[in-house]
Amino acid sequence: MKELLEKIAVFLEKKEKTADTRMFKEIQPQKEKVCFIDGGHADLLHSADFLFSFLRIIAITYENNKKQSIEKKECYLLVIRENEQYETWCAPSLLASETFSLYDDELAGKNQKVPIRTISGIMRRMLELQTAKENSSCVVLDGSLEGKNTREEKMLKSLGKNVFGLSKTSDEIAFHHSEKKAGYYLYKKNAFITYFVKLHKDAKKTFRFDSFTENVDAVLGSLKENSTDPTLLGYPFGLILADKFARITNKEKDMLLTKAKMQLGKKWKDLVLEDTHDILDKLSY
14 MKELLEKIAV
24 FLEKKEKTAD
34 TRMFKEIQPQ
44 KEKVCFIDGG
54 HADLLHSADF
64 LFSFLRIIAI
74 TYENNKKQSI
84 EKKECYLLVI
94 RENEQYETWC
104 APSLLASETF
114 SLYDDELAGK
124 NQKVPIRTIS
134 GIMRRMLELQ
144 TAKENSSCVV
154 LDGSLEGKNT
164 REEKMLKSLG
174 KNVFGLSKTS
184 DEIAFHHSEK
194 KAGYYLYKKN
204 AFITYFVKLH
214 KDAKKTFRFD
224 SFTENVDAVL
234 GSLKENSTDP
244 TLLGYPFGLI
254 LADKFARITN
264 KEKDMLLTKA
274 KMQLGKKWKD
284 LVLEDTHDIL
294 DKLSY
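In terms of this note's numbering, the sequence shown opens at residue 14 and continues consecutively.
Keep in mind that a hint or two might mislead.
[Claimed, not checked] Calculated cross-link-like contacts (lysine-lysine; reagent style DSBU-like; alpha-carbon spacing at most 30 Å):
| id | residue 1 | residue 2 |
| --- | --- | --- |
| 1 | Lys44 | Lys279 |
| 2 | Lys264 | Lys194 |
| 3 | Lys193 | Lys170 |
| 4 | Lys146 | Lys15 |
| 5 | Lys170 | Lys181 |
| 6 | Lys80 | Lys217 |
| 7 | Lys161 | Lys146 |
| 8 | Lys161 | Lys193 |
| 9 | Lys170 | Lys194 |
| 10 | Lys218 | Lys15 |
| 11 | Lys202 | Lys146 |
| 12 | Lys202 | Lys44 |
| 13 | Lys202 | Lys218 |
| 14 | Lys146 | Lys167 |
| 15 | Lys194 | Lys85 |
If you are wondering where the hints come from, they were derived from the structure by calculation, not from laboratory data.
Computed from a predicted structure; not experimentally measured.
Build out the structure end to end from the sequences listed, making use of the hints.
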């Protein structure tokens, strides 16, 4: 085992790239108005032909590094398979109905069926982006600005230059900087600009930061001021809170299921509630 662990250590050391000091730009403190957005969802009922889910989006606004407001959006999502496609509906109708092909190469392998439970994650992300589009402040999303499918790419292109993405994890090369400063490096330019940012001088990790503009000093300065919580030093507390409030706990999921059961009455027993994976998961714990 020791030999394998040592190989991992060597691999990670090679993967980590030490950036040229000349590329490093120090972040100066700012106190701009910033809105942090994250979402969560829970699949309540599902079978091969239908999916009933609950979506939640949280938007937390900070001004002068003080929490000003928390906005919450919630809706139920229904997905039904009709022939070779999935149809979606939301109540309340926060999102327009969508149609997904059952054999969408973007969402599954070639000639593979798209798992119906994939749709709830896509719709949640679309609601996150729609919420960002409606906000005029600097918006920081949890995650990158890289679209994972055509719908997401289209929505991302419609966003303004006030929207940014901060990723906790990244497939890109990790950058390391030994100086005791908060700063950032421009990594690459594509449809958007990718930076690696260190938001606290004592942070152990850099994060990927995506932007549609090179004018990032104000937003990064504000994120620096918001990234002092010891829970995750160097990561914005606004995103920590948004993640916490957006999550749907198992207890809350059970309450939503009970409510659905009361609404359906005798029809409840006719529904296929669990797939094989869910049953096995419950047997395992």
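A quick look at each hint next to the structure:
1. Distance check on the hinted pair: Lys44 and Lys279 sit about 56 Å apart at the alpha-carbon level, beyond 30 Å; violated.
2. Among the hinted pairs, Lys264 with Lys194 is inconsistent with the structure: their alpha-carbon atoms are about 42 Å apart, more than 30 Å.
3. Of the pairs offered as hints, the one joining Lys193 and Lys170 is violated, with about 36 Å between alpha carbons and a cut-off of 30 Å exceeded.
4. The hinted pair formed by Lys146 and Lys15 fails the criterion: a straight-line CA distance of about 50 Å is larger than 30 Å.
5. With a C-alpha separation of about 22 Å, the suggested pair Lys170 and Lys181 falls inside the 30 Å cut-off, and the hint holds.
6. Restraint check: the Cα-Cα separation between Lys80 and Lys217 comes to about 26 Å, which is no more than 30 Å; the hinted pair holds.
7. Restraint check for Lys161 and Lys146: the C-alpha separation of about 18 Å stays at or below 30 Å, so the hint holds.
8. A distance of roughly 35 Å separates the Cα atoms of Lys161 and Lys193; the hinted pair therefore is violated under the 30 Å criterion.
9. Taken as a hint, the Lys170 and Lys194 pair is broken in the structure, with Cα atoms around 33 Å apart against an allowance of 30 Å.
10. With a CA separation close to 25 Å, the supplied pair Lys218 and Lys15 stays within the 30 Å bound.
11. For the given pair, Lys202 sits about 22 Å from Lys146 by alpha-carbon distance, which is consistent with the 30 Å threshold.
12. Taking the CA atoms of Lys202 and Lys44, the gap is about 27 Å. The hint holds against a cut of 30 Å.
13. Straight-line distance between C-alpha atoms of Lys202 and Lys218 comes to about 22 Å, which keeps the hinted pair within the 30 Å bound.
14. Distance hint between Lys146 and Lys167 is fulfilled; the C-alpha atoms sit about 12 Å from each other, no more than 30 Å.
15. Taking the CA atoms of Lys194 and Lys85, the gap is near 35 Å; set against the 30 Å cutoff, the hint is violated.
Going down the numbered hints, you'll see the structure goes against 1, 2, 3, 4, 8, 9 and 15, while the others check out.
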